[in-house]
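With the hints as constraints, model all of the structure from the sequences given.
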Amino acid sequence: GNSVTQMEGPVTLSEEAFLTINCTYTATGYPSLFWYVQYPGEGLQLLLKATKADDKGSNKGFEATYRKETTSFHLEKGSVQVSDSAVYFCALRGGGSQGNLIFGKGTKLSVKP
Amino acid sequence: GAVVSQHPSWVICKSGTSVKIECRSLDFQATTMFWYRQFPKQSLMLMATSNEGSKATYEQGVEKDKFLINHASLTLSTLTVTSAHPEDSSFYICSARDQAEYYEQYFGPGTRLTVT
Chain Y
1 GNSVTQMEGP VTLSEEAFLT INCTYTATGY PSLFWYVQYP GEGLQLLLKA
51 TKADDKGSNK GFEATYRKET TSFHLEKGSV QVSDSAVYFC ALRGGGSQGN
101 LIFGKGTKLS VKP
Chain L
114 GAVVSQHPSW VICKSGTSVK IECRSLDFQA TTMFWYRQFP KQSLMLMATS
164 NEGSKATYEQ GVEKDKFLIN HASLTLSTLT VTSAHPEDSS FYICSARDQA
214 EYYEQYFGPG TRLTVT
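Keeping their order, the protein sequence lines are chains Y and L. So in the working numbering, spot 83 of the first sequence is number 83, and the numbers just go up one at a time. Just add 113 to wherever you are in the second sequence, counting from 1, and you've got the working numbering.
Derived by calculation from the structure, the hints in this document are not laboratory data.
With beta-carbon atoms standing in for the labels, derived distance ranges:
#	chain 1	residue 1	chain 2	residue 2	range
1	L	E176	Y	L13	32 to 42 Å
2	L	E176	Y	G99	16 to 26 Å
3	Y	N2	L	T144	21 to 31 Å
Glycine residues also receive a C-beta, built at the ideal position from the N, C-alpha and C atoms.
Structure representation (structure tokens):
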């Protein structure tokens with residue numbers, strides 16, 4: 001079945017450091033891929049998405065590229081801020097637009113000033 | 114953008130009582146809504162999928178008689194935790210799917226349930 005594996009956290013970085021959170025997936029067909037962010041005490045917000053191979057999703061300085069050959073969708077940001085401290089979830093949706101989201105376990109990011 | 118609200122944002126109840134959590138799509142119609150439970154260390158578990166006007170589909174291992182889901186309108190789904198126990202304490206998050214936006218899924222802010 002479909003699944004998502006993302007790097008274990010927590011990840012602690014200093015402000016302005018480079019961020020990479022790895023995400024790989026297993027899926028049949030051509031899933032859509034997502035990154036969601038959860039700030040403390042809140043629900044999930046869509047950060048970015050990509051719907052086909054080689055697409056790059058980007059938002060708020062974050063980006064991720066849909067790599068079919070390596071079944072990956074790694075999240076990157078060139079210079080993190082304290083306000084980026086949150087939990088990040090990688091997810092996929094298979095089975096077309098009506099399929100359910102399948103989440104990774106989440107990676108907690110803490111950015112220190 | 115599309116907004117999903119949940120009420121209450123937090124609730125404390127006594128063991129053995131029932132508590133209802135509401136999930137509303139504020140500016141779109143949602144024929145499908147989802148209920149998730151978030152455990153410590155972040156892990157999100159899909160509990161059930163509810164479709165407006167029909168019975169919810171529960172994931173394996175989720176007790177449908179304990180977690181009652183009603184999706185009576187295109188903008189409202191409710192989750193009732195019946196005969197709550199301390200082990201039901203958790204963060205419950207709902208999500209609604211907007212058919213008009215390529216089935217984009219939007220999440221509510223979550224409800225923190227504490228059973229004493």
